[in-house]
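From first to last, the protein sequence lines are chains A and B. According to the numbering used here, the first sequence is numbered sequentially starting from 1. According to the numbering used here, the second sequence is numbered sequentially starting from 1.
Incorrect hints may appear among the rest.
Claimed, not checked - Which stretches of chain B does chain A cover? Using the computed rule of at least three CB atoms under 8 angstroms from a CB of chain A, they are:
#1 397–404
#2 408–419
#3 423–436
Honestly, the hints are just simulated from the structure, not real lab data. Just so it is clear, CB atoms sit at the ideal spot from N, CA and C, and this is done for glycine as well.
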Amino acid sequence: MSEIEDKPASAIEVTGLVKKYGDRTVLKEISYEIGRGQVAALVGPSGGGKSTALRCMTALESFHGGTIRISSAKLTPGAGGSHADEIRKLRLVSGLVFQSWNLFPHMSAVENICEAPVQVKGESPSKAMDHAKELLEKVGLSHRATAMPRNMSGGEQQRCAIARALAMRPEILFMDEPTSALDPQRVGDLVELLQKLTTEEKLTLVMVTHEMKFATELADRALVLYEGLVIEDGPPKEVLESPKDPRTRAFLGLED
Amino acid sequence: MKRGSWVPVALTALAIGSTSCGPHESSALARMRAAGVLRWGGDVQGGEPYVFEDEANPGQLTGFEVELADAIARELGVRAEFVQNDWSNLVPSLERNSFDVAMNGLEVTPARADTVRFTRPYFIFSAQLVARRDDPTVTGMASLAGRRVGTLSNSYSWDLLNQSDSIPVSYEGTEEPYADLEGHRVDGVLLDDIIASRYGLVRPSLHLVEDVDDGYYAIACRQADEDLCDAIDDALASIAQSGELRRIFARWNIDADREERLASWTDDDTRAMLLVREHQSFSSHHAMLFVEGAGVTLFVSAFAMCLAVLFGLGLALARMYGPKPLSLLATSYVELFRGTPVLLQLYVLYYGAMPWLRHALDWDSATQYDAMVAAILGLGLNYAAYESEIYRAGIQAIPPGQMEAAKVLGMSQGLALRRVIVPQAVRIALPGMTNDFIALLKDSSLVSVITVVELTKRMTISAVEVRSWLIPGLLCAALYMAMSYPLSVLSRKLEERLARNP
Numbered sequence: 001m002s003e004i005e006d007k008p009a010s011a012i013e014v015t016g017l018v019k020k021y022g023d024r025t026v027l028k029e030i031s032y033e034i035g036r037g038q039v040a041a042l043v044g045p046s047g048g049g050k051s052t053a054l055r056c057m058t059a060l061e062s063f064h065g066g067t068i069r070i071s072s073a074k075l076t077p078g079a080g081g082s083h084a085d086e087i088r089k090l091r092l093v094s095g096l097v098f099q100s101w102n103l104f105p106h107m108s109a110v111e112n113i114c115e116a117p118v119q120v121k122g123e124s125p126s127k128a129m130d131h132a133k134e135l136l137e138k139v140g141l142s143h144r145a146t147a148m149p150r151n152m153s154g155g156e157q158q159r160c161a162i163a164r165a166l167a168m169r170p171e172i173l174f175m176d177e178p179t180s181a182l183d184p185q186r187v188g189d190l191v192e193l194l195q196k197l198t199t200e201e202k203l204t205l206v207m208v209t210h211e212m213k214f215a216t217e218l219a220d221r222a223l224v225l226y227e228g229l230v231i232e233d234g235p236p237k238e239v240l241e242s243p244k245d246p247r248t249r250a251f252l253g254l255e256d
Numbered sequence: 001m002k003r004g005s006w007v008p009v010a011l012t013a014l015a016i017g018s019t020s021c022g023p024h025e026s027s028a029l030a031r032m033r034a035a036g037v038l039r040w041g042g043d044v045q046g047g048e049p050y051v052f053e054d055e056a057n058p059g060q061l062t063g064f065e066v067e068l069a070d071a072i073a074r075e076l077g078v079r080a081e082f083v084q085n086d087w088s089n090l091v092p093s094l095e096r097n098s099f100d101v102a103m104n105g106l107e108v109t110p111a112r113a114d115t116v117r118f119t120r121p122y123f124i125f126s127a128q129l130v131a132r133r134d135d136p137t138v139t140g141m142a143s144l145a146g147r148r149v150g151t152l153s154n155s156y157s158w159d160l161l162n163q164s165d166s167i168p169v170s171y172e173g174t175e176e177p178y179a180d181l182e183g184h185r186v187d188g189v190l191l192d193d194i195i196a197s198r199y200g201l202v203r204p205s206l207h208l209v210e211d212v213d214d215g216y217y218a219i220a221c222r223q224a225d226e227d228l229c230d231a232i233d234d235a236l237a238s239i240a241q242s243g244e245l246r247r248i249f250a251r252w253n254i255d256a257d258r259e260e261r262l263a264s265w266t267d268d269d270t271r272a273m274l275l276v277r278e279h280q281s282f283s284s285h286h287a288m289l290f291v292e293g294a295g296v297t298l299f300v301s302a303f304a305m306c307l308a309v310l311f312g313l314g315l316a317l318a319r320m321y322g323p324k325p326l327s328l329l330a331t332s333y334v335e336l337f338r339g340t341p342v343l344l345q346l347y348v349l350y351y352g353a354m355p356w357l358r359h360a361l362d363w364d365s366a367t368q369y370d371a372m373v374a375a376i377l378g379l380g381l382n383y384a385a386y387e388s389e390i391y392r393a394g395i396q397a398i399p400p401g402q403m404e405a406a407k408v409l410g411m412s413q414g415l416a417l418r419r420v421i422v423p424q425a426v427r428i429a430l431p432g433m434t435n436d437f438i439a440l441l442k443d444s445s446l447v448s449v450i451t452v453v454e455l456t457k458r459m460t461i462s463a464v465e466v467r468s469w470l471i472p473g474l475l476c477a478a479l480y481m482a483m484s485y486p487l488s489v490l491s492r493k494l495e496e497r498l499a500r501n502p
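Bound-form chain A, shown alone (with noise of 0.2 angstroms):
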């Protein structure tokens, strides 16, 4: 059980995180650190940053300046050294749901499930199965284990790239828009899927959304990033009804 006492008190801690696209700086020095078991949100206007931070955090991006560490896995500006291993330390503890899930549509259901645990961390197939049936079932997809994707609503993709991500047990999930394909109707049952996960599984949950009513009914903190700078954190209450810069307000649509 060292492994677990080696583990950091926080999930994740980004300290004086810069990237530039060009000349462009669209992360200026952003610090946070979100706690274990937390579920956070990343919200603010399109081009505030959020989505390019979720990408940095998620290793699908290098960055210029500031460190990254998700868990145990210590991310650096540029490419190359320990870099390979850092990254590859990374997957191992975390997981991502794309906004368009990127489900393979080459493979079922199960299939897209099984595929990580098989061919990347060695695991049997019938082991690997046994994982996917339970987290079918977690997700509500038991009855559809063997349809294509392309035979699948939004929804149903959705939570089978979410068991696809459970699957290879991370500690903390990013979760990319999660919100942009559903209808209105079927966030409610995200929610409550995502608050089961998180209680059951212990995840760390991190997502990015513009959704605030969503942020508000799920999370525990909230980040608002405007323009590369994180302006607001706190309780998504506090920071999405009474936030205290004017610039949260503008884009909240609050008048003062």
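Starting from the known structure of chain A, fit chain B onto it as the hints suggest.
Just chain B now, kept in the frame of chain A:
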């Protein structure tokens, strides 16, 4: 006969055939006399010792046929004038009145005797069997039963070989059969003595085994020009009887005892020479050979396609995901193989690279498979360049989110390519690959230049044998269709599937 194939000659000659002989106001002989010039067609390119440019006097022609033409013209009281014409088109050009007669090593073969009016022969050649000095097993034609013997396709020697028990291997040029003999790809070469001495016996490792049969070079006139043909016959007779003919041969080092027959040659001899063997008609025997040829076409195409598919995938991946030098190498490969003719690639592979490799490895067994291996390799390596482009387009069509999803799940790039990207790209590439396979089926006819007898080659051989292009042509087309149509249906089905489920 010197080089090239008889096929285009026969094809065009038969196509023009009887229609070209329009009404003649005056006889050919009268017109020639009136003009004061005997215009004779030949090809100076590679024409030694027949007719070629004199190295000592650039612009001047020389050769034993030049001297002979001058002698004939003198007998006829006119002047000889040479007309340059591509050798393989001599007969059609003769039919088109480009010149009065054609004289350039034209062998008297039954197929040719059907299309032109031959004079008496002016040279008796010997079909000579040449073999390797270090191969004591070759003692004559009989010793080559079941073994591979090279010659030029549809030549006199080709006819001889087809009547023998050996396996005829057909070539398009005069150097190649002897090169292959040295390379152990054939065990003997049967060709005219002039070719044998110029191209074969100059190679120290080869020697003359035996003179197999006599054949004749004669002057070709148009079928309608009977009087001109007779006049030239008389002129030839007098040149032969005076001994001038053999003096010409002696000057060119091509004289032999057999030429003595020319001095006492009679019209009966000419009739006997021209006595056409009974026409072969298209039979079930030919049809079986066609099916066999289709089998060779399918065999070569299928293996070449397998190679192209696998190697092409490697090229595409190296280009898109490989380290810089490898990517550059793959790009250069694709450009090189797409930018040069596949015919050239086949030549270089079969006559250049493979003999060199065999020499370097000091390995000379199983040489009889060289042509087939070169055919599959050559077409496969060429098509790999095209397949790689199809895959590249297929891979580029996969949304980048797929690679990101695989990476986020912890897959390495290689694993992501193998499990996620390539399976999807192949699905996109399949219709294009199927179309390429159809193209490959047809391109496989090119391998006949490296002695593989596939469907098209079989058709041209049979067409000359039966003197008709209609039935062999139609059967050949039907067999190609039978192979390509199912593929084309498959390709359409795959495209429809892709359109339904992108």
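Here is how each hint holds up against the structure:
1. With a threshold of 8 angstroms between beta carbons, the proposed coverage of the stretch 397–404 of chain B by chain A holds, since 4 of its residues qualify and at least three are required.
2. Counting residues of the stretch 408–419 of chain B whose beta carbon lies closer than 8 angstroms to any beta carbon of chain A gives 6, which reaches the threshold of three, so the coverage claim holds.
3. Restraint check on the stretch 423–436 of chain B versus chain A: 3 residues with Cβ-Cβ distances below 8 angstroms, three needed, restraint holds.
Checked against the numbered hints given earlier, this structure breaks none of them.
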